[in-house]
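K.L.:
Take a look at the letters that make up each chain.
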Amino acid sequence: MASAKKKQHMVCRDCHRVVEGTSCSICGTSNLTADWTGYLVIIDPEHSEVARRMNITLPGRYALKVR
Amino acid sequence: MENEHRLTRIFAVKTTNRAERSVADNIDKAVRDADNDIRVMSVIVPDELKGYVLVETDEPIARVQELMEHVPSARTVLPGVTTLEEVGHYLIPKPAVSGIDEGTIVELINGPFKGEKAVVKRVDASKEEITVELYESVLPIPITVRGDHVRVIDRGEDDS
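If you read the protein sequences in the order shown, they are chains D and R. Residues in the first sequence are numbered from 1 upward in steps of one, following UniProt numbering. Residues in the second sequence are numbered from 1 upward in steps of one, following UniProt numbering.
No wet-lab data here; the hints were simulated from the structure. Mixed in with the good hints there might be a few duds.
[Said to hold, decoys possible] If you anchor each label on the Cβ, the simulated ranges turn out as follows:
1. D:Gln-8 x R:Ser-126: 19 to 27 Å
2. D:Arg-53 x R:Ile-141: 40 to 48 Å
3. D:Ser-25 x R:Ile-61: 31 to 39 Å
All values derive from a computational prediction rather than experimental measurement. We treat Cβ as the ideally placed atom computed from N, Cα and C, and that holds for glycine.
Chain D with its partners taken away, still in its complex shape (with noise of 0.2 Å):
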């Protein structure tokens, strides 16, 4: 039987991106939070105007509002 708690994913509170584990892969910070609301997922950020308009250049998750 699968754990009945959803996992709660961690967000960087300076890149916004979701991070497995206990800092971010980018930033190296560990100052995360798992207040987070809208997710956004970059595919292609080289074409995607929604990477450019928030200055987003890596693919991944990321988190729309942090708190």
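Add chain R to chain D, keeping to what the hints say.
P.N.:
Here is chain R on its own, set in the frame of chain D:
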């Protein structure tokens, strides 16, 4: 290069309720799949838009529909295309305290006072917190709560 950026369009995809984030992850997986040649640039999952994800692509709708057949919990692609200008406001979420001012009557929807009505006494926009006083309470005790833990009942605009 500028023209290449302008070609992207955005489709709204209906999803199973509360499966928006997993649909976005599954679209990512499906796009990266070796035998897939459908290009998707990004997927937006705004918190305000329940039951939908926004897919940024340069493909026509038929190709997006084809991709969604391989994505669990994705239901239908809405006919019609939109642009980043129309959905761009979702990328910059509004502060939780927007629309709440001193004197606004709110209902607490979370925490120990859930279900209680209260009147707003102070708004802290930087912390996204508000200080309220409960209606029912005999003593007017100020309580500070998060801006997203209340629902506005009356904005108190009838001050003629």
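K.L.:
Next step is simple, just say for each hint if it's right about the structure.
P.N.:
How the hints compare with the structure:
| no. | hint | in the structure |
| --- | --- | --- |
| 1 | D:Gln-8 x R:Ser-126: 19 to 27 Å | 25 Å, holds |
| 2 | D:Arg-53 x R:Ile-141: 40 to 48 Å | 44 Å, holds |
| 3 | D:Ser-25 x R:Ile-61: 31 to 39 Å | 36 Å, holds |
Consistency with the previously given hints is maintained throughout, with no hint failing.
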